[in-house]
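**Student:** Quick mapping for you: the protein sequence lines, in order, are chains E and D.
For the first sequence, this note's numbering gives the first residue as -12, with consecutive numbering after it.
For the second sequence, this note's numbering gives the first residue as 60, with consecutive numbering after it.
Simulated from the structure, these hints should not be mistaken for laboratory data.
Be aware that one or more of the hints could be misleading.
Dumping the calculated DSS-like pairs for lysine-lysine here, alpha-carbon to alpha-carbon at most 27 angstroms [stated by the list, open to error]:
hint : chain 1 : residue 1 : chain 2 : residue 2
1    : D       : K358      : D       : K255
2    : E       : K140      : D       : K273
3    : E       : K132      : E       : K176
4    : E       : K140      : D       : K358
5    : E       : K194      : E       : K132
6    : E       : K140      : D       : K255
7    : E       : K140      : E       : K176
8    : E       : K111      : D       : K328
9    : D       : K94       : D       : K328
10   : D       : K255      : D       : K273
11   : E       : K111      : E       : K176
12   : E       : K132      : E       : K111
13   : D       : K358      : D       : K273
14   : D       : K358      : E       : K111
15   : E       : K194      : E       : K111
Simulated restraints, written as ranges between beta carbons of each label pair [unchecked claim]:
hint : chain 1 : residue 1 : chain 2 : residue 2 : range
16   : E       : T66       : D       : H218      : 44 to 50 angstroms
17   : D       : L280      : E       : P47       : 50 to 56 angstroms
18   : E       : S79       : D       : Q258      : 18 to 24 angstroms
Which bits of chain D does chain E cover? Going by a derived footprint, with three or more residues having C-beta under 8 angstroms, they are [what the hints assert, rightly or not]:
hint : segment
19   : 174 to 184
20   : 257 to 263
These figures come from a predicted structure and were not determined experimentally.
The C-beta atom is built at its ideal place from N, Cα and C for all residues, glycine as well.
Single-letter residue listing:
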Amino acid sequence: MQKFTSKHAETSCGDERSGDTAARPLLRIEGLSKRFGSVAAVDRLSLDIYPGEFFALLGPSGCGKTTLLRLIAGFERPTAGRILLDGVDIASVPPYRRPVNMMFQSYALFPHLSVEANVAFGLKQEGLPRREIAGRVADILAMVKLGDYAARKPHQLSGGQRQRVALARSLVKRPRVLLLDEPLAALDKKLRDATRFELMELQRQIKLTFIIVTHDQSEAMMVADRIGVMDQGRLMQVAAPAEIYQRPNSRWVADFVGDINFFQGRVGDDHMTVEGTAAGRLRVAAPIEAEARTPVWVAVRPERMLLSRQEPASGLDNSLGGTIVETGYLGELSIYRIRVADGSAVKAAVVNAGRGGEPVPAQGDHVWLSFPPEAATVLTR
Amino acid sequence: MKRAKSDRSWRSLVIAAPYLWLLLFFLVPFLIVLKISFAQSAIALPPYTPVFDFSAGWRGIENFFENLSVGSYRLLGSDPLYLLSYVKSLEIAAFSTLMLLAVGYPIAYGIARAPRRLQAVLVVLVVLPFWTSFLIRIYAWMNILQRDGPLNQLLMTLHIVRQPPVWLASDTAIYIGIVYSYLPFMVLPLYAVLEKLDQSLIEAAADLGCPRWKTFWLVTLPLSSPGLLAGVLLCFIPIVGEFVIPDLLGGSRTPMIGQTIWMEFFGNKDWPAASAVAVVLVCLLVTPIVIFQHQAMRKAERD
């Protein structure tokens, strides 16, 4: 089993990964569709998941990510398409015969069984000898630090403990693929942050393939090797977190993952500029692969915007002036909304620690925004 | 301050209400029956002695206690009719409760799994027979089960039987009547728990490698046990004391305990004996329930 360790590295190549490694996908989804009446929850979707990968399905609620997970688990039968696990189509295999386990959003712990019996439930179905079951249950409970709680019932546990029982129960069968449906959604923020690290650590230790479903982009970015951004039953982009953030392939993805400013314009004749935007002519770092004069969008993240009181010296940077209409203090950084000449609002984020003794810009101040050509991403759709 | 005090007295009143109800309509009547069971049959009005004579003062009360007897209970032990009657009642109640479970559970499960909108309709359909008089429905069954009644006509037409079988005046007729009459009492509590059963638990069991039939035994059935218990108690206890159904549909060989009590009261005019039979019946039913309740409480405390 090969483990991809290029976590968050900018050099990882997302979609092209299948082409440049010898690894065969563990799970291959081909043209998968699931219709409920006239609504396609999953729409002709294809995806490869590699052994040992931590993959995140990210999308707004109702985008079909949970349906996709349930199709892999076997709770839904696909309308069309194939689900290949190790090259074998499992689309018609009932859930209880799939070497795949799921951790439910509600945890779905059996209320009438103790923690130990909950975790042992899956192993008992395999008909393993009692001693082996007891050993494996004890091991996994120690791993999730619940050894002392084996005899408790689920209702006697805290939310975080219940979450760990659910995790242990789905892990103890050593599934080929572990599916996690919003595993951290029910926890409060502090606990959620701590649990994210635990989950990553756990996955590194046991080297299982994880597929997590989440609507929380920071969760997906943090834990996953690769992210699949979904909307309306389709995958919009599949890539490493940094790739998704820095080089989104569409306005939808750029807008869904993090905050972003768009400047609409047309490709310049030299293919290195975009003309007619709210900020005038904008320079970009790489040649635009589109016909001259076609409409495109220049996307810039708020934290790449530089904020200054004087008009920047006319260098290579793009710049535009405006008036601060709103400020938001978030602790480590401050968010500004700046009304620019054409009436639209541009967002800028400034790291507070980086500020010198200069006075903080306030509402109503006239400021200049600038960004280097490398900060701009050109989107054609 | 005054407000808080009146709130508290309101609260104690609300808490006291069910106890008051039980006291008035269960405990007091039971004590009266208990008192009569220790009296002796007499041709008088009321047809037993002694009676409280408050006008005689202390002497009257002393007189009353001196004249109490356990004769009726001795009678219960001496005549095997009573023992047979108890056994028959418990047997019929036990078997018909099992039949009710076998019929009621699938119905409740089916309703709970039906689409939301349909569920309300199905529940109404289960309760619908209550809108007609119970007695009329039992008479209707007498008609259906008659020698030339609709059931036999159907069986003959379908060539399932050649000679019309006799249904009435048999235990079979009693079972039919009881299962029919008590079905809603089994279905409703079961439906109430099954409807609340978290569907993701069933999926979790499947996910962990459990086939459907096994999931039923390991997850669905244990989680529906509160409804199951409620249904069993709601059926079993009144069936033991059932009078109308065995009287109208059953035979005369061994009476059920309700019929025995009726016979003692109205046939033999032996109120003390009838009361003794009733008291023993209450003890027979209440004792196991109290023991069970006690154990369930202790289990709940352990959890």
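**Student:** With reference to the structure, classify each hint as holding or not holding.
**Tutor:** Hints versus structure:
1. K358(D) <-> K255(D): holds, 23 angstroms
2. K140(E) <-> K273(D): holds, 22 angstroms
3. K132(E) <-> K176(E): holds, 20 angstroms
4. K140(E) <-> K358(D): Holds. K140(E) to K358(D) sits at ~13 angstroms (cutoff 27 angstroms).
5. K194(E) <-> K132(E): Holds: K194(E) and K132(E) sit about 19 angstroms apart, inside 27 angstroms.
6. K140(E) <-> K255(D): The hint holds at about 19 angstroms.
7. K140(E) <-> K176(E): holds, 25 angstroms
8. K111(E) <-> K328(D): It is violated: about 63 angstroms lies between the C-alpha atoms, which goes past 27 angstroms.
9. K94(D) <-> K328(D): holds, 16 angstroms
10. K255(D) <-> K273(D): Distance of about 20 angstroms is within 27 angstroms: holds.
11. K111(E) <-> K176(E): violated, 35 angstroms
12. K132(E) <-> K111(E): OK: K132(E) and K111(E) at ~22 angstroms, within 27 angstroms.
13. K358(D) <-> K273(D): holds, 25 angstroms
14. K358(D) <-> K111(E): holds, 25 angstroms
15. K194(E) <-> K111(E): The hint holds at about 24 angstroms.
16. T66(E) <-> H218(D): 44 to 50 angstroms: 48 angstroms Cβ-Cβ, so the 44 to 50 angstroms window holds.
17. L280(D) <-> P47(E): 50 to 56 angstroms: violated, 39 angstroms
18. S79(E) <-> Q258(D): 18 to 24 angstroms: Holds: the Cβ-Cβ distance is about 22 angstroms, inside 18 to 24 angstroms.
19. 174 to 184: violated (count 0)
20. 257 to 263: As far as the segment 257 to 263 of chain D goes, the hint holds, because 5 residues have Cβ atoms under 8 angstroms from chain E.
Checked against the numbered hints above, the structure violates hints 8, 11, 17 and 19; every other hint is satisfied.
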